[in-house]
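Participant: The sequence shown begins at 16 in our numbering and counts up by one.
Hints are supplied without guarantee of correctness; some may be wrong.
[What the hints assert, rightly or not] Pairs of lysine to aspartate or glutamate residues, derived as EDC-like cross-links and limited to a Cα-Cα distance of at most 16 Å, are as follows:
id	residue 1	residue 2
1	LYS352	ASP329
2	LYS374	ASP329
3	LYS295	GLU49
4	LYS229	GLU89
5	LYS137	GLU49
6	LYS229	GLU82
7	LYS230	ASP329
8	LYS374	GLU300
9	LYS352	GLU300
10	LYS295	GLU89
11	LYS230	GLU49
Honestly, the hints are just simulated from the structure, not real lab data. As the structure is a prediction and not an experimental result, all values here were calculated from the model.
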Amino acid sequence: MRHFFTVTFFGLIIKFLGLLRTNLTQKLIGASFESDCFLLAFRLIGFFRRIFTDGSFGGVFTTYFAEYKKENKEWGFSLGVLIVFTSIFSIITLLFCLFPVFFTQICMGSFKINKKILLVSKYAKYMFSLAFLMFMSSFLTAILNFNKHFFHSSFSLVLGSMFNVFCIYLGIKTKTIFFPLVIGTIGYQLLHVLYMLFILVKKYNFFTGYFFSKKFFKSISSMGFFQFINQIITLLFNFLFFRLKSGDFSYVEYGERITQFVFMLVAANLSSVISPLLAKNKHSEKFQEYVKKFFFFGSFAFIFPTIFMFFKSDMIVNLLYSSNKNTNIIWINQSLKISSLAIPFWCSTRLLETFLLTKFKNNSYNIGYLIYNITYLCTAVKLLKYGFIGCVWSLNLGIFARTLYLLYQCHIYNILSINYDLILNIFYKILWAFLLIKYVHSYFFIFKSIWINLSGILFMFLIYAMIFQKDFIMFFSKEL
(Lines of atoms letter the chains of each structure in order from A and count residues from 1; the text may use other names and numbers.)
(Lines give C-alpha, C1' and ligand atoms only; values in the text may rest on other atoms or scores of the structure.)
Protein backbone atom coordinates (compact mmCIF):
# COMPACT_ATOMS: atom_id res chain seq x y z
CA MET A 1 0.00 0.00 0.00
CA ARG A 2 3.01 2.29 0.45
CA HIS A 3 3.50 2.13 -3.32
CA PHE A 4 -0.15 2.98 -3.98
CA PHE A 5 0.10 6.08 -1.79
CA THR A 6 3.38 7.06 -3.49
CA VAL A 7 1.73 6.84 -6.90
CA THR A 8 -1.40 8.62 -5.62
CA PHE A 9 0.61 11.45 -4.03
CA PHE A 10 2.46 12.18 -7.25
CA GLY A 11 -0.74 11.48 -9.16
CA LEU A 12 -2.44 14.33 -7.31
CA ILE A 13 0.37 16.70 -8.24
CA ILE A 14 0.31 15.52 -11.86
CA LYS A 15 -3.47 15.86 -12.14
CA PHE A 16 -3.50 19.34 -10.62
CA LEU A 17 -0.77 20.33 -13.05
CA GLY A 18 -2.88 18.73 -15.78
CA LEU A 19 -5.90 20.81 -14.79
CA LEU A 20 -3.69 23.91 -14.73
CA ARG A 21 -2.41 22.96 -18.19
CA THR A 22 -5.98 22.58 -19.45
CA ASN A 23 -6.92 25.93 -17.93
CA LEU A 24 -3.94 27.66 -19.57
CA THR A 25 -4.61 25.91 -22.89
CA GLN A 26 -8.20 27.12 -22.77
CA LYS A 27 -6.95 30.67 -22.12
CA LEU A 28 -4.48 30.36 -24.99
CA ILE A 29 -6.76 28.91 -27.70
CA GLY A 30 -10.25 28.65 -26.16
CA ALA A 31 -12.82 26.50 -27.96
CA SER A 32 -12.01 27.55 -31.49
CA PHE A 33 -10.90 26.41 -34.93
CA GLU A 34 -7.29 26.29 -33.67
CA SER A 35 -8.13 24.20 -30.61
CA ASP A 36 -10.15 21.72 -32.69
CA CYS A 37 -7.19 21.26 -35.06
CA PHE A 38 -4.74 20.71 -32.19
CA LEU A 39 -6.99 18.15 -30.48
CA LEU A 40 -7.75 16.34 -33.75
CA ALA A 41 -4.00 16.14 -34.50
CA PHE A 42 -3.44 14.59 -31.07
CA ARG A 43 -6.22 12.09 -31.81
CA LEU A 44 -4.68 11.29 -35.20
CA ILE A 45 -1.32 10.45 -33.58
CA GLY A 46 -3.16 8.21 -31.12
CA PHE A 47 -4.67 6.33 -34.07
CA PHE A 48 -1.22 5.21 -35.30
CA ARG A 49 0.05 4.42 -31.80
CA ARG A 50 -2.90 2.26 -30.79
CA ILE A 51 -2.63 0.00 -33.84
CA PHE A 52 0.68 -1.29 -32.46
CA THR A 53 0.57 -0.55 -28.72
CA ASP A 54 -2.77 0.36 -27.17
CA GLY A 55 -3.55 0.92 -23.50
CA SER A 56 -3.33 -2.81 -22.75
CA PHE A 57 0.36 -3.05 -23.73
CA GLY A 58 1.61 -2.37 -20.18
CA GLY A 59 -0.60 -5.10 -18.69
CA VAL A 60 0.39 -7.74 -21.27
CA PHE A 61 4.08 -6.80 -21.09
CA THR A 62 4.10 -6.98 -17.27
CA THR A 63 2.59 -10.47 -17.31
CA TYR A 64 5.23 -11.81 -19.73
CA PHE A 65 8.00 -9.91 -17.92
CA ALA A 66 7.01 -11.79 -14.73
CA GLU A 67 7.07 -15.12 -16.62
CA TYR A 68 10.57 -14.55 -18.02
CA LYS A 69 11.91 -13.23 -14.73
CA LYS A 70 11.57 -16.75 -13.33
CA GLU A 71 14.06 -17.87 -16.01
CA ASN A 72 16.30 -14.78 -15.56
CA LYS A 73 15.54 -13.76 -19.14
CA GLU A 74 13.52 -10.63 -18.42
CA TRP A 75 16.14 -8.15 -19.72
CA GLY A 76 16.75 -10.02 -22.95
CA PHE A 77 12.99 -10.19 -23.48
CA SER A 78 12.62 -6.44 -22.78
CA LEU A 79 15.40 -5.47 -25.17
CA GLY A 80 13.89 -7.64 -27.92
CA VAL A 81 10.54 -5.88 -27.50
CA LEU A 82 12.24 -2.48 -27.57
CA ILE A 83 14.13 -3.27 -30.81
CA VAL A 84 10.99 -4.44 -32.65
CA PHE A 85 8.75 -1.53 -31.67
CA THR A 86 11.47 1.09 -32.16
CA SER A 87 11.84 -0.17 -35.74
CA ILE A 88 8.08 -0.05 -36.35
CA PHE A 89 7.63 3.47 -34.98
CA SER A 90 10.70 4.76 -36.85
CA ILE A 91 9.21 3.61 -40.17
CA ILE A 92 5.71 5.05 -39.60
CA THR A 93 7.14 8.33 -38.26
CA LEU A 94 9.33 8.72 -41.36
CA LEU A 95 6.39 7.98 -43.69
CA PHE A 96 4.08 10.41 -41.92
CA CYS A 97 6.65 13.22 -41.89
CA LEU A 98 7.19 12.76 -45.65
CA PHE A 99 3.46 12.75 -46.52
CA PRO A 100 1.62 14.52 -43.64
CA VAL A 101 -1.21 16.03 -45.68
CA PHE A 102 -1.96 12.73 -47.46
CA PHE A 103 -2.24 10.73 -44.20
CA THR A 104 -4.29 13.50 -42.57
CA GLN A 105 -6.74 13.46 -45.50
CA ILE A 106 -7.17 9.69 -45.16
CA CYS A 107 -7.65 9.80 -41.38
CA MET A 108 -10.09 12.72 -41.52
CA GLY A 109 -12.01 11.43 -44.53
CA SER A 110 -11.52 14.61 -46.53
CA PHE A 111 -10.43 14.49 -50.17
CA LYS A 112 -10.20 18.26 -50.45
CA ILE A 113 -7.25 20.16 -49.04
CA ASN A 114 -8.66 22.96 -46.89
CA LYS A 115 -7.43 25.11 -44.01
CA LYS A 116 -8.46 22.58 -41.39
CA ILE A 117 -6.60 19.72 -43.11
CA LEU A 118 -3.46 21.84 -43.48
CA LEU A 119 -3.44 22.96 -39.83
CA VAL A 120 -4.18 19.46 -38.46
CA SER A 121 -1.40 17.98 -40.64
CA LYS A 122 1.01 20.71 -39.49
CA TYR A 123 0.37 19.95 -35.80
CA ALA A 124 0.53 16.19 -36.41
CA LYS A 125 3.79 16.39 -38.37
CA TYR A 126 5.62 18.25 -35.62
CA MET A 127 4.14 16.12 -32.83
CA PHE A 128 4.25 12.68 -34.47
CA SER A 129 7.23 11.56 -32.37
CA LEU A 130 4.68 11.38 -29.54
CA ALA A 131 3.58 7.98 -30.88
CA PHE A 132 6.99 6.48 -30.10
CA LEU A 133 7.38 8.42 -26.84
CA MET A 134 4.00 7.14 -25.60
CA PHE A 135 5.10 3.57 -26.35
CA MET A 136 8.37 4.16 -24.48
CA SER A 137 6.42 5.59 -21.56
CA SER A 138 4.26 2.44 -21.26
CA PHE A 139 7.29 0.17 -21.74
CA LEU A 140 9.57 1.82 -19.16
CA THR A 141 6.77 2.42 -16.64
CA ALA A 142 5.86 -1.29 -16.73
CA ILE A 143 9.48 -2.31 -16.02
CA LEU A 144 10.03 0.22 -13.23
CA ASN A 145 6.70 -0.55 -11.55
CA PHE A 146 7.37 -4.29 -11.67
CA ASN A 147 10.67 -3.66 -9.87
CA LYS A 148 8.85 -1.43 -7.33
CA HIS A 149 10.35 1.87 -8.51
CA PHE A 150 6.99 3.62 -8.35
CA PHE A 151 8.62 6.82 -7.10
CA HIS A 152 10.70 7.28 -10.26
CA SER A 153 7.93 6.40 -12.73
CA SER A 154 5.61 8.90 -11.00
CA PHE A 155 8.15 11.67 -10.36
CA SER A 156 9.17 11.70 -14.04
CA LEU A 157 5.58 12.60 -14.96
CA VAL A 158 5.71 15.55 -12.56
CA LEU A 159 8.81 16.87 -14.37
CA GLY A 160 7.10 16.52 -17.75
CA SER A 161 3.90 18.18 -16.53
CA MET A 162 5.79 21.15 -15.10
CA PHE A 163 7.60 21.66 -18.41
CA ASN A 164 4.32 21.49 -20.34
CA VAL A 165 2.65 24.06 -18.08
CA PHE A 166 5.69 26.36 -18.37
CA CYS A 167 5.60 26.23 -22.20
CA ILE A 168 1.89 27.07 -22.40
CA TYR A 169 2.34 29.90 -19.88
CA LEU A 170 5.10 31.33 -22.09
CA GLY A 171 2.72 31.04 -25.04
CA ILE A 172 0.15 33.19 -23.23
CA LYS A 173 2.77 35.78 -22.29
CA THR A 174 4.30 35.94 -25.79
CA LYS A 175 0.90 35.55 -27.52
CA THR A 176 2.14 32.68 -29.69
CA ILE A 177 0.16 29.47 -30.12
CA PHE A 178 1.73 26.83 -32.35
CA PHE A 179 5.21 26.19 -30.92
CA PRO A 180 4.32 26.45 -27.19
CA LEU A 181 1.65 23.77 -27.71
CA VAL A 182 3.93 21.52 -29.78
CA ILE A 183 7.09 21.89 -27.66
CA GLY A 184 5.13 21.57 -24.40
CA THR A 185 3.34 18.40 -25.54
CA ILE A 186 6.49 16.68 -26.84
CA GLY A 187 8.64 17.88 -23.92
CA TYR A 188 6.14 16.40 -21.45
CA GLN A 189 6.63 12.87 -22.78
CA LEU A 190 10.33 13.31 -23.61
CA LEU A 191 11.34 14.34 -20.07
CA HIS A 192 9.21 11.52 -18.66
CA VAL A 193 10.94 8.92 -20.88
CA LEU A 194 14.51 10.24 -20.48
CA TYR A 195 14.30 10.30 -16.69
CA MET A 196 12.99 6.70 -16.52
CA LEU A 197 15.59 5.52 -19.04
CA PHE A 198 18.35 7.12 -16.95
CA ILE A 199 17.12 5.34 -13.78
CA LEU A 200 16.79 2.01 -15.59
CA VAL A 201 20.29 2.12 -17.09
CA LYS A 202 21.77 3.31 -13.80
CA LYS A 203 20.19 0.57 -11.66
CA TYR A 204 20.21 -2.42 -14.03
CA ASN A 205 22.49 -3.94 -16.63
CA PHE A 206 19.78 -3.50 -19.23
CA PHE A 207 21.73 -3.88 -22.51
CA THR A 208 22.89 -7.48 -22.07
CA GLY A 209 21.77 -9.52 -25.06
CA TYR A 210 18.28 -9.86 -26.44
CA PHE A 211 15.82 -12.41 -27.79
CA PHE A 212 12.41 -12.25 -29.43
CA SER A 213 9.60 -13.95 -27.52
CA LYS A 214 7.28 -15.74 -29.95
CA LYS A 215 4.57 -16.08 -27.28
CA PHE A 216 4.57 -12.36 -26.52
CA PHE A 217 4.56 -11.22 -30.14
CA LYS A 218 1.85 -13.75 -31.00
CA SER A 219 -0.27 -12.35 -28.18
CA ILE A 220 0.42 -8.74 -29.20
CA SER A 221 -0.23 -9.56 -32.88
CA SER A 222 -3.68 -11.00 -32.13
CA MET A 223 -4.47 -7.89 -30.10
CA GLY A 224 -3.05 -5.78 -32.92
CA PHE A 225 -5.51 -7.34 -35.37
CA PHE A 226 -8.44 -6.32 -33.18
CA GLN A 227 -6.84 -2.92 -32.66
CA PHE A 228 -6.61 -2.43 -36.40
CA ILE A 229 -10.37 -3.05 -36.69
CA ASN A 230 -10.99 -0.73 -33.74
CA GLN A 231 -8.87 2.01 -35.26
CA ILE A 232 -10.72 1.73 -38.58
CA ILE A 233 -13.91 2.40 -36.59
CA THR A 234 -12.06 5.28 -34.90
CA LEU A 235 -11.43 6.75 -38.35
CA LEU A 236 -15.20 6.98 -38.74
CA PHE A 237 -15.28 8.99 -35.49
CA ASN A 238 -12.76 11.36 -37.01
CA PHE A 239 -15.03 11.78 -40.05
CA LEU A 240 -17.85 12.80 -37.70
CA PHE A 241 -15.79 15.01 -35.38
CA PHE A 242 -14.14 16.73 -38.35
CA ARG A 243 -17.60 17.90 -39.43
CA LEU A 244 -18.70 19.23 -36.03
CA LYS A 245 -19.34 22.93 -35.69
CA SER A 246 -16.12 24.84 -34.93
CA GLY A 247 -15.35 24.61 -31.19
CA ASP A 248 -17.78 21.76 -30.39
CA PHE A 249 -15.09 19.07 -30.25
CA SER A 250 -13.12 21.24 -27.81
CA TYR A 251 -16.09 21.39 -25.40
CA VAL A 252 -16.21 17.59 -25.38
CA GLU A 253 -12.48 17.46 -24.58
CA TYR A 254 -12.54 20.17 -21.89
CA GLY A 255 -15.33 18.44 -19.97
CA GLU A 256 -13.76 15.01 -20.46
CA ARG A 257 -10.38 16.11 -19.12
CA ILE A 258 -11.87 16.98 -15.73
CA THR A 259 -13.49 13.55 -15.42
CA GLN A 260 -10.18 11.96 -16.44
CA PHE A 261 -8.69 13.64 -13.35
CA VAL A 262 -10.64 11.22 -11.13
CA PHE A 263 -10.21 8.25 -13.48
CA MET A 264 -6.42 8.59 -13.70
CA LEU A 265 -6.02 9.38 -10.01
CA VAL A 266 -8.00 6.34 -8.81
CA ALA A 267 -8.23 3.60 -11.42
CA ALA A 268 -5.08 4.18 -13.48
CA ASN A 269 -2.85 4.59 -10.41
CA LEU A 270 -4.39 1.59 -8.68
CA SER A 271 -4.06 -0.47 -11.86
CA SER A 272 -0.36 0.37 -12.27
CA VAL A 273 0.32 -0.77 -8.69
CA ILE A 274 -1.75 -3.96 -8.67
CA SER A 275 -0.67 -5.22 -12.11
CA PRO A 276 2.76 -6.48 -10.88
CA LEU A 277 1.17 -7.91 -7.71
CA LEU A 278 -1.48 -9.83 -9.66
CA ALA A 279 1.09 -11.04 -12.23
CA LYS A 280 3.21 -12.54 -9.44
CA ASN A 281 0.22 -14.22 -7.76
CA LYS A 282 -1.94 -15.22 -10.74
CA HIS A 283 -1.49 -18.94 -9.99
CA SER A 284 -1.91 -18.64 -6.21
CA GLU A 285 -5.09 -19.03 -4.17
CA LYS A 286 -4.92 -15.37 -3.12
CA PHE A 287 -5.51 -14.09 -6.66
CA GLN A 288 -9.33 -13.97 -6.37
CA GLU A 289 -9.08 -12.48 -2.90
CA TYR A 290 -6.87 -9.67 -4.20
CA VAL A 291 -9.21 -9.06 -7.14
CA LYS A 292 -12.24 -8.76 -4.86
CA LYS A 293 -10.49 -6.39 -2.46
CA PHE A 294 -9.16 -4.16 -5.20
CA PHE A 295 -12.54 -4.00 -6.90
CA PHE A 296 -14.23 -3.11 -3.59
CA PHE A 297 -11.70 -0.37 -2.96
CA GLY A 298 -12.15 0.95 -6.48
CA SER A 299 -15.94 1.01 -6.12
CA PHE A 300 -15.57 2.97 -2.89
CA ALA A 301 -13.09 5.46 -4.31
CA PHE A 302 -14.92 6.64 -7.41
CA ILE A 303 -18.56 6.87 -6.25
CA PHE A 304 -18.15 9.98 -4.10
CA PRO A 305 -16.31 12.14 -6.70
CA THR A 306 -18.77 11.05 -9.40
CA ILE A 307 -21.83 12.32 -7.56
CA PHE A 308 -19.97 15.40 -6.34
CA MET A 309 -18.95 16.33 -9.90
CA PHE A 310 -22.50 15.89 -11.13
CA PHE A 311 -24.03 18.22 -8.52
CA LYS A 312 -21.20 20.76 -8.29
CA SER A 313 -20.04 20.84 -11.92
CA ASP A 314 -20.73 24.59 -12.14
CA MET A 315 -18.43 25.32 -9.18
CA ILE A 316 -15.64 23.13 -10.64
CA VAL A 317 -15.88 24.71 -14.10
CA ASN A 318 -15.89 28.27 -12.70
CA LEU A 319 -12.84 27.37 -10.63
CA LEU A 320 -10.86 25.84 -13.51
CA TYR A 321 -11.91 27.82 -16.56
CA SER A 322 -12.39 31.45 -17.40
CA SER A 323 -14.80 32.69 -20.03
CA ASN A 324 -13.36 34.47 -23.06
CA LYS A 325 -14.47 35.33 -26.56
CA ASN A 326 -13.75 31.77 -27.76
CA THR A 327 -15.15 29.84 -24.80
CA ASN A 328 -18.57 29.43 -23.21
CA ILE A 329 -18.12 27.96 -19.72
CA ILE A 330 -21.83 27.08 -19.54
CA TRP A 331 -21.25 24.59 -22.35
CA ILE A 332 -18.17 23.17 -20.58
CA ASN A 333 -20.36 22.78 -17.49
CA GLN A 334 -22.94 20.80 -19.49
CA SER A 335 -20.19 18.62 -20.96
CA LEU A 336 -18.73 17.92 -17.49
CA LYS A 337 -22.11 17.15 -15.89
CA ILE A 338 -22.90 14.51 -18.52
CA SER A 339 -19.39 13.01 -18.77
CA SER A 340 -19.12 12.72 -14.96
CA LEU A 341 -21.78 10.01 -15.08
CA ALA A 342 -19.28 7.77 -16.90
CA ILE A 343 -16.56 7.94 -14.20
CA PRO A 344 -17.65 4.68 -12.46
CA PHE A 345 -17.62 2.85 -15.79
CA TRP A 346 -14.19 4.19 -16.84
CA CYS A 347 -12.72 3.18 -13.47
CA SER A 348 -14.38 -0.25 -13.46
CA THR A 349 -13.24 -0.89 -17.02
CA ARG A 350 -9.58 -0.20 -16.22
CA LEU A 351 -9.63 -2.54 -13.20
CA LEU A 352 -11.54 -5.31 -15.00
CA GLU A 353 -9.14 -5.11 -17.96
CA THR A 354 -6.18 -5.50 -15.60
CA PHE A 355 -7.74 -8.62 -14.06
CA LEU A 356 -8.46 -10.19 -17.47
CA LEU A 357 -5.07 -9.40 -19.04
CA THR A 358 -3.26 -10.89 -16.05
CA LYS A 359 -5.04 -14.17 -16.80
CA PHE A 360 -4.13 -13.90 -20.53
CA LYS A 361 -7.78 -13.28 -21.50
CA ASN A 362 -6.70 -10.92 -24.27
CA ASN A 363 -9.68 -11.60 -26.52
CA SER A 364 -12.05 -10.42 -23.78
CA TYR A 365 -10.20 -7.10 -23.71
CA ASN A 366 -10.23 -6.83 -27.51
CA ILE A 367 -13.93 -7.62 -27.90
CA GLY A 368 -14.77 -5.21 -25.07
CA TYR A 369 -12.94 -2.44 -26.91
CA LEU A 370 -14.77 -3.38 -30.11
CA ILE A 371 -18.16 -3.24 -28.35
CA TYR A 372 -17.25 0.19 -26.97
CA ASN A 373 -16.34 1.57 -30.40
CA ILE A 374 -19.37 0.11 -32.20
CA THR A 375 -21.79 1.37 -29.51
CA TYR A 376 -20.10 4.79 -29.51
CA LEU A 377 -20.23 5.04 -33.32
CA CYS A 378 -23.83 3.86 -33.74
CA THR A 379 -25.16 6.22 -31.07
CA ALA A 380 -22.97 9.12 -32.31
CA VAL A 381 -24.48 8.86 -35.79
CA LYS A 382 -27.93 9.36 -34.24
CA LEU A 383 -27.02 11.89 -31.55
CA LEU A 384 -24.42 14.06 -33.29
CA LYS A 385 -27.18 16.35 -34.56
CA TYR A 386 -27.29 17.65 -30.96
CA GLY A 387 -23.65 18.80 -31.24
CA PHE A 388 -21.17 18.19 -28.43
CA ILE A 389 -23.98 17.09 -26.04
CA GLY A 390 -24.83 14.17 -28.32
CA CYS A 391 -21.13 13.34 -28.62
CA VAL A 392 -20.69 13.13 -24.82
CA TRP A 393 -23.80 10.94 -24.40
CA SER A 394 -22.52 8.60 -27.13
CA LEU A 395 -19.22 8.27 -25.28
CA ASN A 396 -21.03 7.43 -22.03
CA LEU A 397 -23.16 4.74 -23.67
CA GLY A 398 -20.08 3.19 -25.28
CA ILE A 399 -18.15 2.85 -22.02
CA PHE A 400 -21.28 1.55 -20.24
CA ALA A 401 -21.62 -1.29 -22.79
CA ARG A 402 -17.91 -2.08 -22.48
CA THR A 403 -18.07 -2.27 -18.67
CA LEU A 404 -21.04 -4.65 -18.70
CA TYR A 405 -19.26 -6.98 -21.14
CA LEU A 406 -16.00 -7.03 -19.12
CA LEU A 407 -17.91 -7.63 -15.89
CA TYR A 408 -19.65 -10.59 -17.54
CA GLN A 409 -16.29 -11.95 -18.79
CA CYS A 410 -14.76 -11.72 -15.30
CA HIS A 411 -17.78 -13.59 -13.98
CA ILE A 412 -17.70 -16.49 -16.48
CA TYR A 413 -13.92 -16.93 -16.06
CA ASN A 414 -14.43 -17.00 -12.29
CA ILE A 415 -12.11 -14.03 -11.79
CA LEU A 416 -14.66 -11.87 -9.98
CA SER A 417 -17.79 -13.43 -8.53
CA ILE A 418 -20.86 -11.23 -8.96
CA ASN A 419 -23.38 -11.62 -6.14
CA TYR A 420 -26.21 -9.67 -4.59
CA ASP A 421 -24.07 -8.60 -1.62
CA LEU A 422 -21.62 -6.85 -3.95
CA ILE A 423 -24.41 -5.05 -5.83
CA LEU A 424 -26.23 -4.02 -2.63
CA ASN A 425 -22.98 -2.80 -1.07
CA ILE A 426 -22.23 -0.52 -4.02
CA PHE A 427 -25.87 0.67 -4.18
CA TYR A 428 -25.71 1.48 -0.45
CA LYS A 429 -22.60 3.60 -1.04
CA ILE A 430 -24.23 5.46 -3.92
CA LEU A 431 -27.27 6.27 -1.77
CA TRP A 432 -25.17 7.65 1.09
CA ALA A 433 -22.97 9.68 -1.25
CA PHE A 434 -26.08 11.12 -2.91
CA LEU A 435 -27.64 12.14 0.43
CA LEU A 436 -24.41 13.68 1.74
CA ILE A 437 -23.75 15.78 -1.34
CA LYS A 438 -27.38 16.69 -1.99
CA TYR A 439 -28.23 17.90 1.52
CA VAL A 440 -24.99 18.52 3.47
CA HIS A 441 -23.22 20.58 0.78
CA SER A 442 -25.67 23.50 1.18
CA TYR A 443 -24.17 24.32 4.59
CA PHE A 444 -20.74 24.91 3.04
CA PHE A 445 -21.25 26.12 -0.50
CA ILE A 446 -23.22 29.24 0.47
CA PHE A 447 -19.78 30.78 1.04
CA LYS A 448 -17.62 32.05 -1.81
CA SER A 449 -14.32 31.17 -0.12
CA ILE A 450 -12.59 28.30 -1.90
CA TRP A 451 -11.04 27.13 1.40
CA ILE A 452 -14.45 26.81 3.08
CA ASN A 453 -15.69 24.89 0.03
CA LEU A 454 -12.69 22.54 0.15
CA SER A 455 -13.21 22.06 3.90
CA GLY A 456 -16.81 21.10 3.18
CA ILE A 457 -15.72 18.56 0.58
CA LEU A 458 -13.18 17.05 3.00
CA PHE A 459 -15.77 16.93 5.81
CA MET A 460 -18.28 15.08 3.62
CA PHE A 461 -15.65 12.64 2.41
CA LEU A 462 -14.61 11.86 6.02
CA ILE A 463 -18.24 11.14 6.95
CA TYR A 464 -18.50 8.92 3.90
CA ALA A 465 -15.28 7.11 4.88
CA MET A 466 -16.54 6.55 8.45
CA ILE A 467 -19.75 4.98 7.13
CA PHE A 468 -17.72 2.52 5.06
CA GLN A 469 -14.79 2.01 7.41
CA LYS A 470 -15.40 -1.74 7.13
CA ASP A 471 -14.25 -1.61 3.51
CA PHE A 472 -11.14 0.34 4.49
CA ILE A 473 -10.27 -2.17 7.21
CA MET A 474 -10.78 -5.04 4.77
CA PHE A 475 -8.59 -3.40 2.16
CA PHE A 476 -5.78 -2.38 4.50
CA SER A 477 -5.72 -5.73 6.30
CA LYS A 478 -2.36 -7.42 6.92
CA GLU A 479 -3.18 -10.06 4.32
CA LEU A 480 -2.26 -7.51 1.65
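Participant: Against each hint, give a clear statement of whether it holds in the structure.
Facilitator: Cross-check of the supplied hints:
1. LYS352 x ASP329: Holds. LYS352 to ASP329 sits at ~8 Å (cutoff 16 Å).
2. LYS374 x ASP329: violated, 42 Å
3. LYS295 x GLU49: violated, 47 Å
4. LYS229 x GLU89: holds, 14 Å
5. LYS137 x GLU49: holds, 12 Å
6. LYS229 x GLU82: holds, 13 Å
7. LYS230 x ASP329: Judged against 16 Å, a Cα distance of about 50 Å means the pair is violated.
8. LYS374 x GLU300: holds, 14 Å
9. LYS352 x GLU300: violated, 42 Å
10. LYS295 x GLU89: holds, 14 Å
11. LYS230 x GLU49: With a Cα-Cα distance of about 44 Å, the restraint between LYS230 and GLU49 is violated, given a limit of 16 Å.
Hint compliance for this structure: hints 2, 3, 7, 9, 11 are not met, and every other hint is.
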